[in-house]
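Asks: What follows is each chain in one-letter form.
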Amino acid sequence: MNPIRRWQAFWFPAVPVRRLAAFRVVMASYALVDIWLVSGFISRYSRVDDLFYRPVVLLRPLPRLGPELTTIVHVVLVVTLALALVGLFTRAALWIAAPLYLWWWATFYSFGAVHHGRITVVAALFVLAVAPARGAYSLDSLRAARRERRRGAVSVIDARDELAGWALRVMMVVVAAAYMLAAYSKLTRSGVGWITGDALAGAMVRKGTPAGLLLVSHDWAIHTMAALTLLLEATAWAMFLRGRIRDSYVACAVLFHAGTLVVLNINFLGLILAYLAFYDLEVGVDRLGAWFGRRLTTQPQPRDVRLP
Amino acid sequence: MSLQRSPVLRPGSSASPTARRPPTSRWRSSVIFAVSLATVVWLVAQLAAGLLMVVSTWPVAGFPMFSETRSTVFERRLAVRTRSGNEVAVRPADFGLDELQLLNYQRAIVHDAGMVRHEPAERLGMLAAVWSQAHPEDPAVSMTMTHVEYREGPGSRPSSPKVFRWTAP
Chain B
1 MNPIRRWQAF WFPAVPVRRL AAFRVVMASY ALVDIWLVSG FISRYSRVDD LFYRPVVLLR
61 PLPRLGPELT TIVHVVLVVT LALALVGLFT RAALWIAAPL YLWWWATFYS FGAVHHGRIT
121 VVAALFVLAV APARGAYSLD SLRAARRERR RGAVSVIDAR DELAGWALRV MMVVVAAAYM
181 LAAYSKLTRS GVGWITGDAL AGAMVRKGTP AGLLLVSHDW AIHTMAALTL LLEATAWAMF
241 LRGRIRDSYV ACAVLFHAGT LVVLNINFLG LILAYLAFYD LEVGVDRLGA WFGRRLTTQP
301 QPRDVRLP
Chain H
309 MSLQRSPVLR PGSSASPTAR RPPTSRWRSS VIFAVSLATV VWLVAQLAAG LLMVVSTWPV
369 AGFPMFSETR STVFERRLAV RTRSGNEVAV RPADFGLDEL QLLNYQRAIV HDAGMVRHEP
429 AERLGMLAAV WSQAHPEDPA VSMTMTHVEY REGPGSRPSS PKVFRWTAP
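As given, the protein sequences belong to chains B and H, one line each in that order. The numbers in our numbering rise by one with no breaks, and the one at position 116 of the first sequence is 116. The numbers in our numbering rise by one with no breaks, and the one at position 37 of the second sequence is 345.
Hints were generated in silico from the structure; no laboratory data involved. Be a bit skeptical, because a hint or two may be false.
Stated by the list, open to error - In silico lysine to any residue, SDA-like type, Cα no more than 25 Å apart, as pairs:
1) B:K207 <-> H:A353
2) B:K207 <-> H:R389
3) B:K207 <-> B:L264
4) B:K207 <-> H:A416
5) B:K207 <-> B:I42
Kindly produce the complete structure, drawing on both the sequences and the hints.
Replies: So, in structure tokens, the structure goes:
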């Protein structure tokens with residue numbers, strides 16, 4: 001197989017559109033909650049003095065928005081993410097939501113502190129906008145099915161698409177790259193000595209969580225955590241291996257992020273949800289549907305009544 | 309459950325994986341080509357940002373967090389003296405910032421390890437001006453930043469503090 005074909009085969013596997021649609025529901029839900037309930041405080045940054053505004057490269061050509069326009073962006077984001085979640089005018093909604101979500105967080109990161117927790121969500125919104133994310137679990141797909149029934153056409157139940165495969169593949173690479181580039185930074189700047197250095201201890205002191213302050217005086221605990229962190233980050237490629245290796249890695253990574261939340265107060269839920277790109281979500285949805293179906297159709301059994 | 313495990317079928321094809329593929333439209337081929345090209349560009353940019361550990365290019369950025377060998381433990385105190393003579397501790401919320409954002413502004417004045425960067429008094433003066441805008445009834449006449457370092461790690465004896473001061477002309 002020549003390199004171009006190999007490239008196309010890697011990036012564009014035809015996968016069920018339902019898989020991508022389920023991924024859309026998860027990521028749009030997260031983004032909606034994130035914008036509506038978590039990150040509303042960012043709108044206040046439109047009032048922060050220019051002295052602190054050091055825009056990320058992306059925002060440098062753009063003017064800073066005032067409070068009124070920022071509020072409008074916030075409202076539009078909530079509405080478009082809600083539409084993306086239910087799958088109504090999905091593509092248009094995602095094409096509006098993706099750049100606005102990017103702008104929203106880029107604005108926050110333009111005040112001197114860049115975080116990485118939302119990179120996967122930004123990437124997800126963009127690839128969902130390009131790929132056929134409205135093909136299932138959406139009002140758009142219901143409307144399309146109704147139209148086809150009226151015309152007498154037969155709709156494909158389990159349609160597959162290369163762009164759906166591409167979207168999920170990009171997410172896989174984003175997730176794996178995040179870890180491996182973090183390991184690269186540590187190894188380049190500090191080498192393996194990072195494990196026995198006190199970078200992690202310093203971060204714990206700065207963050208000042210109760211769990212972090214409890215652990216920080218135990219060198220062995222800090223060094224063990226540092227070693228496990230580096231191991232986990234450097235072996236992120238294992239997520240491309242199927243079966244138990246991947247499942248074990250994902251379980252460890254989820255535990256790792258639970259640990260970073262407790263010890264360092266760093267939330268990577270967006271990254272954790274992006275692990276779902278590695279899995280056959282449509283199978284999970286079917287199982288969940290079957291389970292609910294059984295629960296709903298099971299008749300309640302009359303209990304034996306024992307008289308004393 | 310994975311991408312590879314599923315048989316590769318084209319959209320709209322019959323259920324058999326051996327079924328002949330329908331011809332791809334020219335529009336569809338163009339879209340795939342454009343997406344493929346965009347993927348190459350993104351991949352190169354992501355790799356470059358990752359290897360150079362640049363974060364200002366977010367969301368295509370490196371991941372250098374906590375990668376330094378030795379993290380200095382330090383304490384910084386920021387205070388203003390107002391026109392009425394009050395000594396007031398300055399908090400990130402006074403500027404509408406969070407703790408890390410204000411800390412990173414202060415890092416432009418003095419490095420965590422104590423190295424002094426250029427024009428500390430001017431930078432403090434700008435900070436004091438913003439603080440005064442929010443407190444016009446009693447503006448700042450001087451601002452002081454105190455930097456204390458704990459070289460032997462948390463809980464150890466502090467180094468002698470470095471004090472930076474700006475006073476209104």
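Asks: None of the hints should be skipped; say for each whether it holds.
Replies: Now for the hints, and whether the structure bears them out:
no., hint, verdict
1, B:K207 <-> H:A353, "31 Å, violated"
2, B:K207 <-> H:R389, "28 Å, violated"
3, B:K207 <-> B:L264, "6 Å, holds"
4, B:K207 <-> H:A416, "20 Å, holds"
5, B:K207 <-> B:I42, "21 Å, holds"
Going through the hint list in order, the structure does not satisfy hints 1, 2.
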